[in-house]
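Listed in order, the protein sequences are those of chains Y and L.
The first sequence runs 1 to 310 under my numbering.
The second sequence runs 1 to 313 under my numbering.
These are computed hints drawn from the structure, not numbers from a lab.
Predicted, not measured: the structure shown is a model, and the values here were computed from it.
We put the CB at the ideal spot given by N, CA and C, even for glycine.
Misleading hints may appear alongside valid ones.
Unchecked claim - Output of the computed footprint for chain Y on chain L, the stretches with three or more beta carbons under 8 angstroms from beta carbons of chain Y:
| id | region |
| --- | --- |
| 1 | 47-54 |
| 2 | 111-118 |
| 3 | 125-131 |
| 4 | 243-253 |
| 5 | 283-291 |
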Amino acid sequence: MSLLQKPWIWSWIGTLAVCLVIIGISGLGAGTQVLSAALSFGTFFVIVAIGQMFVVTLGPGNVDLSIPACMTLASTVAMKVMGGSSTMLLPGLLIAIAIGTIIGLLNFGLIRLLRIPPIIATLSSSFLFQSTAIWYNRGLRVKPPEPLADFATAKLAGVPLLAILVLVLTVIMHVILHHSLFGRAVLAVGQNSRAASLAGIKVERTRLLTYLTSAVLAAICGFFLAGFSGGAALNMGEEYLLMSIAVVVIGGTSVAGGFANLPGLWGASLFMFLLVTMLNTLGLSAGIRLILTGAIIVGVIAISGRRGRT
Amino acid sequence: MIARLLTPHSLRTLLPAVSLAALLAAIFYLQPRTMSYFGLNLLLNLAVPIALATVAQMFILCVNDLDLSLGAFISLTACITATWLHDTPLLGALALAGCVLAYAGLGALIHLRNLPSIVVTLGMSFVWMGIAVLILPTPGGKAPDWIRSLMTLKPALIPFPIIALVVLGGIVQIALMRSAPGVVLRGAGGNPQSVARAGWSILRVKMIMFGLAGLFGVLAGMALVGLTTSADANIALRYTLLSIAGVILGGGEFTGGRISPIGAVIGAVTLALAGSFLSFLRLNPDWQIGAQGAILILVLALRVIINRTAAKS
């Protein structure tokens, strides 16, 4: 298959184009700065998008809408437990992961026991998680421990440390998706869950693991995002609902399920961030920026959309 | 008679109404003063725009799509209502008509390019929000007088919201469930291939359904402004999730064109009342959203139990 036929290539072409526009407007120096920022922010998109990609790949109707609530709840509780003390770092991270695990189990439990579409299950559970976070947080913004903030904003030769780690995670998930039993089971279930089940794949166990992965990654993302942005806030996950889905789709993963790829997640994350930055640099008003962002998302999907549903 | 009423099938149909009745009874018990003309008016006022939004979402769900931009769209129509429709009625009416057409166009785009509606509507939510911000950068505007006086109408005996909700549910129920075109529209959700083979254009069906959703979205925005008297660009964002939850609460399904218009209205009212119920319980307002989730889960759990007993018998 030639490079142009790879499903993820379009997100990278888009990224390159937007990149050139930004450099054209504000020069090479500012351009590299923007690129560094894109890596910082794009990293967080990628973390949640990996989980969302596995969920979406399970097939039509599979979307995790509880990602923002999960991020908020996990980071709020973790930040409050740590209370800014650096000795509590590890317990804090473990608590965030534990909350992600519980949320993943609850989501799957609702889908399985109530036999409702995952969209509704994760939607109604996210109401509960969001309320729990509001009740627990009381509107306070607890500062992250210093080492966490340093770690989340650290740079290695101009490249954000987190971006490097998430790149490693992406490679691992790539191997898991294409070469492990679990990854191949996810793809098989997405392509035809009945055939997969007849072939001896444990469909329900695959679904459980997928929703667990998504929730745990969202919790970890929330944990580091709170470190990155100076604390957990109740609305911190808001834009991640749209972003996680948009990044997965623009990255070339099929919305109909069964076909996924990881390189596209990076391309699409950088594209989304750079797009917003470009519209900012053009000096447009907030309204025009929103309209263009939406129009470009819809446009990209309309142009590239057909291939995914074959 | 009683035995006939207690079959799983009729239980399933009655479940939304029973849930609403239980909630209402609990509210009356906690705060008997709501059991008056004035009390019911206050209690059910905001249920009218939510019900309109839920019916809009129902049209989309009926053709196996999902609209995640409805809240932003209703915010936009509310902004248009509070500004252009108030200042220059002709321009306002044209803009609102344009909104409906845009929705029909969206349905065409989704069908022709075979796109996932979730992603398209998520993208469109930005567009609607952007236009709303352009029209009304800061909260404000003013409701047109005729909408204001319609929404604050005080008919004798029965409070206006109840009449509005019954009329809404009744009209949509008859049009969609009892008419010939309604059957085709629902059939396109149940089995698009067979409806297409029978000679109907699925493209037209999608455009009609999305257009109807746009129309009811516009009505929801107008009703909302009639109640709040002014608008802002974020006024109805939470309606997206409320409307989906309302349809499901009312017995609708995600696929296959299985919907219930009356149920959707009942579902919307149930969700709207859930908030009041909690405040009467003197429960922490932090749990408002959570309670809506809990009610949703509870009703869905009841539905599963009913379905299981149906499978056994």
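>> When the structure is checked against the list of hints, which entries are broken? Sort them ascending.
In response: 1
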